[in-house]
Amino acid sequence: MNSTYPTRRVVVTGMGVVSANGCDLATFWQNVRNGISGAKPITRFDTTGFASLIGVEIQNFDASALIGVKKARRYDLSTRYGVCAAMLAARDARLDMSKLDADRVGVVEACSLGGIESVVNAYRDWLQKGTRKVSPFHLINSYCGAGSGEIALELGCQGHALTYSSGSASGNDVVGYALNMIQTDEADVMVAGGTEAPLLLPLWCGFSTAGLLTKRNDDPQHSMRPFDKNRDGFLLAEGAGFLVLEELSHALGRGARIYAEVAAHGRSCEAFSSVAEHPEGVGVYRAMEKALRRAQLLPAEIDYINAHGTATEANDKIETLAIKRLFGNHAKRVAVSSTKPVTGHLLAAAGAVETIICTLGLHHQEIPPTINLTEPIEGCDLDYVPHTARPFPLRAVMNLNVGFGGKNAALILKQYSQAR
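According to our numbering, the sequence shown holds residues 967 to 1386 in order.
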């Protein structure tokens, strides 16, 4: 055992998701494994004049059933999704705060846009109604740390509450942060996840102008195509995913169900560009290499990689290049898939939702597919698990995410075994 790293083991004991693909784990997993996309025409605002008219929008979600009518009305949309997903995760873990030391339970939330819906609504109210009609709740809700504070308040977590933002790498980074907090004996339980609500007209303008969104409006289910020569961008999505991470002996002591073990987290920053990835994938490589080293695993011991896979001009090739460089001969044997054509790109929440997918894959011993892949790009010649889920005896999996500013994060999870 390498004594450089802590020996306290960390396991996943609960998960909760709020998404267009389902707001319970069973429905969510069935849609992911069956490749049923949540993509539909946007109804939240008028998309007339835009090249892209489709996204992954949550419809008919009744948050009041979990948090009550007043809070559902008051919370910013991203906070609403995050609080509900965290509550579902705590419920799935069967956490009873009355039996826990609340000072040993913390919250860490990923969110890249914060309560931007409240900022937009405050500006709208000011324009239409004047200064006196702008609700003070807009100020509370737009605070970037509002979500983690509300989750801690709702669950009664008194250890600490933190909102973490590293772009689309955030969802992996919060799980890594929670892992570190438990390993270093700062906490016994961490509620970690991400939430995002970017389906707002001003943001849609920016994503559309940047040319990042798929324009295949006539066929939403088959619109996003990672690693495919006909790819033309991603599906923007909203939603949240949270996990309960717990120190192993603490989980066993209360008889918790264990889904998987969190082995390691690796991150890097390329310091190359505000938006573009390094063309040689150096940051992606370094994040994966650090995660492997900290997990004390060889590349050949990774059975599956959930790729960032955004179906954009640069990402798919660069990610593939980095995997080939690090995994060497094993690169052609490791399964790699992108689940974003099903869930959409959830920005800061992407890594958290995809960590849930990786955990469910380990739990069900099945690899989710990359849908819509018919003509791979030249150079993208890995096993992308096209179209159909694959049963497989998974031992260890990696979740890989990349964010603006060259931020990269890799997370490794393992099938839980009493023996280390």
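Bear in mind the hints are in silico, worked out from the structure with no lab data behind them. Owing to the predicted nature of the structure, the values given are computational and were not obtained by experimental measurement. Each hint should be verified, as a subset may be incorrect.
As the list claims (entries may be wrong) - Calculated pairs, DMTMM-like style, for lysine to aspartate or glutamate (alpha carbon to alpha carbon, straight line, at most 20 angstroms):
#, residue 1, residue 2
1, 1036, 990
2, 1195, 1349
3, 1181, 1347
4, 1283, 1198
5, 1290, 1279
6, 1195, 1120
7, 1195, 1184
8, 1195, 1185
9, 1006, 1236
10, 1095, 1151
11, 1283, 1349
12, 1283, 1255
13, 1036, 1062
14, 1283, 1236
15, 1065, 1152
16, 1290, 1255
17, 1195, 1267
18, 1298, 1255
19, 1065, 1091
20, 1283, 1267
21, 1195, 1332
22, 1283, 1341
23, 1065, 1151
24, 1195, 1012
25, 1298, 1236
26, 1036, 1069
27, 1181, 1269
28, 1195, 1023
29, 1181, 1349
30, 1290, 1198
31, 1095, 1120
32, 1181, 1332
33, 1036, 1120
34, 1283, 1332
35, 1283, 1246
36, 1065, 1023
37, 1037, 1151
38, 1283, 1185
Practice problem: Measure nothing beyond the straight line between the CA atoms of residue 1195 and residue 1332; if it is 20 angstroms or shorter, mark the hint as holding. | Solution: Roughly 27 angstroms between the alpha carbons, so the hint for residue 1195 and residue 1332 is violated.
Quiz item: Taken at face value, is the distance from the CA of residue 1341 to the CA of residue 1283 at most 20 angstroms?
Solution: Holds - the C-alpha atoms of residue 1341 and residue 1283 are around 14 angstroms apart, at most 20 angstroms.
Quiz prompt | 20 angstroms limit on alpha-carbon distance, applied to hinted pair residue 1181 and residue 1269 | solution = violated, 33 angstroms
Exercise. Mind checking the alpha carbons of residue 1195 and residue 1184 for me, to see if they're no more than 20 angstroms apart?
Key: At roughly 19 angstroms apart (the allowed maximum being 20 angstroms), residue 1184 and residue 1195 satisfy the hint.
Quiz item: Is it true that the CA of residue 1095 sits at most 20 angstroms from the CA of residue 1151?
Solution: violated, 51 angstroms
Exercise. Compare the distance between the alpha carbons of residue 1290 and residue 1279 with 20 angstroms, and conclude whether the hinted pair is satisfied.
Key: OK: residue 1290 and residue 1279 at ~18 angstroms, within 20 angstroms.
Quiz item: Are the Cα atoms of residue 1283 and residue 1198 separated by 20 angstroms or less?
Solution: Judged against 20 angstroms, a Cα distance of about 14 angstroms means the pair holds.
Quiz item: When you check the alpha-carbon spacing of residue 1036 and residue 1120, does it fall within 20 angstroms?
Solution: holds, 14 angstroms
Quiz item: Has the given pair, residue 1298 with residue 1255, been kept, meaning a C-alpha gap of at most 20 angstroms?
Solution: holds, 17 angstroms
Quiz prompt | 20 angstroms limit on alpha-carbon distance, applied to hinted pair residue 1065 and residue 1091 | solution = With a Cα-Cα distance of about 45 angstroms, the restraint between residue 1065 and residue 1091 is violated, given a limit of 20 angstroms.
Quiz item: Is the straight-line distance between the alpha-carbon of residue 1065 and that of residue 1151 20 angstroms or less?
Solution: Distance of about 19 angstroms is within 20 angstroms: holds.
Quiz prompt | Given pair status - residue 1236, residue 1298, alpha carbons within 20 angstroms | solution = violated, 26 angstroms
Taken one by one, the earlier hints fail for this structure at numbers 1, 3, 6, 9, 10, 13, 17, 19, 20, 21, 24, 25, 26, 27, 28, 29, 30, 31, 32, 34, 36, 37 and 38, listed in ascending order.
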